[in-house]
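Q: Residue numbers (my numbering), protein chains in the order written: chain G, 1 to 130; chain Z, 1 to 130.
Worth flagging that the hints you see were computed from the coordinates, not collected in a lab.
Careful, some of the hints might be misleading.
Pair by pair, the computed Cβ-Cβ distance ranges are [claimed, not checked]:
1) E70/G x P109/Z: 29 to 39 Å
2) M129/G x P109/Z: 18 to 28 Å
3) F24/G x E72/Z: 28 to 38 Å
4) F24/G x E82/Z: 19 to 29 Å
Since this is a predicted model, take the numbers as computed values, not measurements.
Yeah, the Cβ is synthetic: ideal placement off N, Cα and C, and Gly gets one too.
Given next are the chains, with one letter for each unit.
Number of protein chains: 2
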Amino acid sequence: MGRDRPYLISMSDKVNLAAKLALFSDHFSPRTVATLNDYKVDVVKIQGEFVWHAHADTDDFFLVLKGQLEIELRDRTVVLEEGEVFVVPRGVEHCPRARREAHVLLIEPLGTVNTGDAAGSELTAAEQMI
Amino acid sequence: MGRDRPYLISMSDKVNLAAKLALFSDHFSPRTVATLNDYKVDVVKIQGEFVWHAHADTDDFFLVLKGQLEIELRDRTVVLEEGEVFVVPRGVEHCPRARREAHVLLIEPLGTVNTGDAAGSELTAAEQMI
Chain G
1 MGRDRPYLIS MSDKVNLAAK LALFSDHFSP RTVATLNDYK VDVVKIQGEF VWHAHADTDD
61 FFLVLKGQLE IELRDRTVVL EEGEVFVVPR GVEHCPRARR EAHVLLIEPL GTVNTGDAAG
121 SELTAAEQMI
Chain Z
1 MGRDRPYLIS MSDKVNLAAK LALFSDHFSP RTVATLNDYK VDVVKIQGEF VWHAHADTDD
61 FFLVLKGQLE IELRDRTVVL EEGEVFVVPR GVEHCPRARR EAHVLLIEPL GTVNTGDAAG
121 SELTAAEQMI
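All chains, full assembly: derive it from the sequences and hints.
A: Put into structure tokens, the structure is as follows:
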């Protein structure tokens with residue numbers, strides 16, 4: 001496995017996103033369920049408010065699978081319902097939050113820290129395969 | 001815009017996938033609804049059988065949004081229901097098909113030809129923003 005492929009996903013695995021989400025209950029702690037080249041495909045449960053952060057080197061993809069996700073930007077809030085996508089451009093400060101638990105699909109380059117330039121926050125999570 | 005960013009998506013746009021899918025009815029003709037770095041996020045309607053092909057340089061991400069998608073591989077068939085993901089590894093021959101219309105989210109590097117090494121097939125589609 002090369003440096004850009006730290007996880008080995010068996011080709012035989014299809015991934016049921018709801019089944020993966022049923023395996024954990026903590027919030028703001030993404031689990032990687034697949035890789036796509038040097039990107040990770042994560043599911044995460046969000047409830048409450050995350051931390052303001054930006055990713056200098058990458059856009060940040062959100063797809064809401066269940067519930068409602070608010071992505072606060074400095075000048076407005078993007079409200080995403082189930083089946084809606086928003087891509088936060090690189091370098092743009094944002095703060096995800098949800099009043100009630102939301103389930104979200106994230107896609108980011110492998111190695112991307114969930115808290116971006118706020119790494120070191122208590123919300124910073126290690127990459128976890130599930 | 002650099003070569004790797006041929007589409008400009010306004011940051012103000014969130015994307016409702018079902019609404020985008022309601023805008024067209026043809027099959028096997030992906031529409032790009034967002035970009036993520038140098039990747040395109042596409043929605044596509046699939047009905048019937050596509051063409052056998054492989055992508056030498058990239059994995060191929062499928063998420064079923066509606067219906068059922070079969071991804072034929074040379075040795076077996078992966079059957080994906082709504083909310084299920086499969087990543088076809090680079091270089092692996094596959095043939096997507098659906099008995100009834102399925103709606104699918106695809107993520108691939110910009111410039112990836114939908115028919116891969118079968119480019120020139122009548123099913124080869126130009127990249128289209130929607």
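Q: All the hints need checking, so say for each whether the structure fits it.
A: How the hints compare with the structure:
no., hint, result
1, E70/G x P109/Z: 29 to 39 Å, "holds, 30 Å"
2, M129/G x P109/Z: 18 to 28 Å, "holds, 23 Å"
3, F24/G x E72/Z: 28 to 38 Å, "holds, 33 Å"
4, F24/G x E82/Z: 19 to 29 Å, "holds, 21 Å"
Checked against the numbered hints above, the structure breaks none of them.
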